[in-house]
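Undergrad: Spelled out, the chains give:
2 protein chains.
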Amino acid sequence: MEQQFREIHQKMTSYNEAISLLYWDMRTGAPKKGMDLRSETIGTLSSELFALSTSEQYGELIAGLKLQTGLSAAMQRSVEEADRQYQLNAKIPPAEYREFVVLTSKAESIWEQAKEQADFALFQPYLEQLVETTRRFVGYWGVKNGSVYNTLLDQYEPGVTTEQLDQVFGQLRKRIVPLVKQISESANQPETDFLYGHFPKTAQQDFSFDVLKKLGYDFEAGRLDETVHPFMIAINRGDVRVTTKYDESDFRTAVFGTIHEAGHALYEQNISSELSGLPVDGGSSMGIHESQSLFFENFVGRNDAFWQHNYDNFLSYAPSQFQQVPVLDFLRAINEAKPSLIRIEADELTYALHIMIRYELEKGLFDGDYEVKDLPQLWNDKYEEYLGVRPSHDGEGVLQDVHWAGGSFGYFPSYALGLLYAAQFKKAMQQDIPNFDELLSSGQVAPITAWLTDKVHRHGAVKKPLEILEEATGETLNGDHLADYLEAKYKKLYQLV
Amino acid sequence: MEQQFREIHQKMTSYNEAISLLYWDMRTGAPKKGMDLRSETIGTLSSELFALSTSEQYGELIAGLKLQTGLSAAMQRSVEEADRQYQLNAKIPPAEYREFVVLTSKAESIWEQAKEQADFALFQPYLEQLVETTRRFVGYWGVKNGSVYNTLLDQYEPGVTTEQLDQVFGQLRKRIVPLVKQISESANQPETDFLYGHFPKTAQQDFSFDVLKKLGYDFEAGRLDETVHPFMIAINRGDVRVTTKYDESDFRTAVFGTIHEAGHALYEQNISSELSGLPVDGGSSMGIHESQSLFFENFVGRNDAFWQHNYDNFLSYAPSQFQQVPVLDFLRAINEAKPSLIRIEADELTYALHIMIRYELEKGLFDGDYEVKDLPQLWNDKYEEYLGVRPSHDGEGVLQDVHWAGGSFGYFPSYALGLLYAAQFKKAMQQDIPNFDELLSSGQVAPITAWLTDKVHRHGAVKKPLEILEEATGETLNGDHLADYLEAKYKKLYQLV
Chain A
1 MEQQFREIHQ KMTSYNEAIS LLYWDMRTGA PKKGMDLRSE TIGTLSSELF ALSTSEQYGE
61 LIAGLKLQTG LSAAMQRSVE EADRQYQLNA KIPPAEYREF VVLTSKAESI WEQAKEQADF
121 ALFQPYLEQL VETTRRFVGY WGVKNGSVYN TLLDQYEPGV TTEQLDQVFG QLRKRIVPLV
181 KQISESANQP ETDFLYGHFP KTAQQDFSFD VLKKLGYDFE AGRLDETVHP FMIAINRGDV
241 RVTTKYDESD FRTAVFGTIH EAGHALYEQN ISSELSGLPV DGGSSMGIHE SQSLFFENFV
301 GRNDAFWQHN YDNFLSYAPS QFQQVPVLDF LRAINEAKPS LIRIEADELT YALHIMIRYE
361 LEKGLFDGDY EVKDLPQLWN DKYEEYLGVR PSHDGEGVLQ DVHWAGGSFG YFPSYALGLL
421 YAAQFKKAMQ QDIPNFDELL SSGQVAPITA WLTDKVHRHG AVKKPLEILE EATGETLNGD
481 HLADYLEAKY KKLYQLV
Chain B
1 MEQQFREIHQ KMTSYNEAIS LLYWDMRTGA PKKGMDLRSE TIGTLSSELF ALSTSEQYGE
61 LIAGLKLQTG LSAAMQRSVE EADRQYQLNA KIPPAEYREF VVLTSKAESI WEQAKEQADF
121 ALFQPYLEQL VETTRRFVGY WGVKNGSVYN TLLDQYEPGV TTEQLDQVFG QLRKRIVPLV
181 KQISESANQP ETDFLYGHFP KTAQQDFSFD VLKKLGYDFE AGRLDETVHP FMIAINRGDV
241 RVTTKYDESD FRTAVFGTIH EAGHALYEQN ISSELSGLPV DGGSSMGIHE SQSLFFENFV
301 GRNDAFWQHN YDNFLSYAPS QFQQVPVLDF LRAINEAKPS LIRIEADELT YALHIMIRYE
361 LEKGLFDGDY EVKDLPQLWN DKYEEYLGVR PSHDGEGVLQ DVHWAGGSFG YFPSYALGLL
421 YAAQFKKAMQ QDIPNFDELL SSGQVAPITA WLTDKVHRHG AVKKPLEILE EATGETLNGD
481 HLADYLEAKY KKLYQLV
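Top line first, the protein sequences correspond to chains A and B.
Residues 1 to 497 in this note's numbering are what the first sequence lists, from first letter to last.
Residues 1 to 497 in this note's numbering are what the second sequence lists, from first letter to last.
So here's chain A without its partners, still in its complex pose (with noise of 0.2 angstroms):
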């Protein structure tokens, strides 16, 4: 049975790995004229893997294997994940199912419009359809945890609890928003004009591939491409590739995109090879594999040490007007911070505050008082209480995201899930390192990644996310951390005591 199991879930993997291919080709170099063949090839193997994935076969080996005694906890934990996956997909009807898909193609296509045209009227009856729909899905699987928005959040961060999310959120709102606005207050602003000279994209490119290498990751084991929107995607165990985007000007793109998706991939690289082939032969959760690339691109890449050793090799690629910046102050210019309106462009110090609002209206448009409609109005009010800005529009407001238009309710909480656990593994790592600032400034990654890799990358999804962090650190769920680091980084930098 267990050799079945394996066998089916093998069919699904390499299903995967083309699916993935054609994805990331579309993403970095398939020529224009093929791209509606392209989604339609797409399209028809998602949806062969959709059945496999909900085969009535694959259903009775995963309720027979669950019976079984005797398993290795590999294979105990995979059989749990096939069933929570089987339960997702195959408890909705396929015809309801279909309705859905066709439903957010429809609305990812409106929403872009509608962010165009600042015109939230317009995506509003998706919106709501969307939220219905999800509704009426999150019936069908059964409720988790005592509520609508529960059982959303855990299929994402399995094991964590609005609960939990309102007391670290709480925790962490409560310091980081009046330094952000002592901040925005200081005197004491970076000079950051130099940064936004022209910066030759294939300069970038070199230093990227440069800072790849040194970070650890395995150029035989994948590969970096241009894209649009950086991204990492494991093609198969031994593929896993990272995208970066090279703004002429703005090499920060680049280099802080290059090293988030490194330490994805570092994740995806350093699972153990006993996993494969299996169920959780894959990250954690979101909010663990964002954990991951946080760590990397704040505790690592954006660190005075990290960058003691490596502005000389910067510089050699760098444009003339960063000869002449000494490292202070290039290093006060790259971890510049500022209240700001778009998720996506804030810093490390801000970045918790725009989830934060995104979770408090998801929760409220399941287990709350809040409506569809309401929702551009508290957007608005819940920027300016929190970060102290108020979008002039819909676009640069409420409509910035595309996640809530393909459906995804509940992922949000997961960017700031991987802010908060970096922050724990990082103060945990002291104790074990405590000479990591050091290990930065001699160029030595490898014994961080190393403990990292330990405790976090080779379990892949044998351990939920919330145990690994508990084996990791000693501790649950804990917002004082990342409030710690945040304030005594951002005082040093604005010289605000």
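Quick caveat, the hints were computed from the structure, so don't treat them as lab data.
Glycine included, C-beta positions come from ideal geometry on N, C-alpha and C.
Each hint should be verified, as a subset may be incorrect.
[To be verified] Some, not all, of what chain A presents toward chain B, calculated at C-beta under 7 angstroms:
id : residue
1  : D25
2  : G216
3  : E220
4  : N236
[Unchecked claim] Under the rule of at most 25 angstroms between Cα atoms (straight-line distance), these lysine-lysine pairs were calculated in the DSS-like manner:
id : chain 1 : residue 1 : chain 2 : residue 2
5  : A       : K464      : A       : K174
6  : A       : K33       : B       : K33
7  : A       : K11       : B       : K427
Fit chain B to the supplied structure of chain A, relying on the hints for placement.
TA: Below, chain B alone, put in the same frame as chain A:
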């Protein structure tokens, strides 16, 4: 019924797109640690595709449509073509087909070893099994056109028989063999040293892109990448890719490789969009496909007029050793012809002789008195007879090509047919485009491609190879046109009077 037939074929097309991309990626840049799993994935999807293509449902639809009247010409030929493929696949008992796949995979790896060690005895038992299995398969398919070998030939070049090949190949051989001898004994050998100087890859790349654009290759519906063995691959209707190889000590590999693959790509890019999604949306035969690549490689790319227009541009990319070479010396060098041992390195003049040798051996194996064990001796004797050279070992003799190890018998003649067809098209084109050379020397390729599109490309596989030939040229296979062209060209180049 027509709709269902289209739908199944559409699904098969999606699988083909995925498999093609997985293959393309493997040959152009996939990281090596992912290769084993990649092969498995290709294997899994290929099995799924095979199952679809031999399904009872598909067979019944084909059988039903064969009885239906009033089908469009494209649909009628699609049903015929689908039926042909279906019979080929479905008549082999699945267990035997699986055994055959395993056998070819083993034979290919043993062949690699045997070639390296120049040890035919190692490969012999596998080749014997492959011949035996192929004979058995012909038994399932039923003998076509009177002989086992004709049955195989018909799979690659529908309608062409050994009777025709013996006649045209004989006609051609009678005129080329003495010409090759005269040339190799001529005192007027071209100066070629400058060809082998270092030519940086990036410069070759830039020139290759230029040439593709000048030939009318549509970069919005394709791309050019680097590989070890150049190929063209149609990923989908709007995505027809070419690959080439850069040899820094012989630029001809890249330039003529690119032009050759461009010929294949122009064919695919110019098939009528009305055939989109049908089984006839592809080339008419291997030989007709090859005629298009060879037309561009030889009649365009090795043509004096082409270089009169392109030489200055070439020199702008070429390294110093070319700068003092007059275009006429350049032309003599790139058209150097001489007897040689290796098919894939052979020139335009001797290439067909390499093919005839393989053809005669294959025919003898399946229809005549040859046995596998006698192939090395027969091979060497024929090389001596036709080309005046004798391999010193089987690695540069009978073991040089992979085709037989892959179970492909009857494929080789298509290469020579490509040359014959191309020369016949060229001859016929001369009526409609008497100023062929003037067009090329002023950089106008479009009218030439338009003629080929009208006579060949747009029809896809709606017309069979000999139909295309006869309708375009007014005659059937005729070896004289190729012989005339080669005689005229090489007598002039080698100043043979």
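Undergrad: Which of the numbered hints above does this structure break?
TA: 2, 5, 6 and 7
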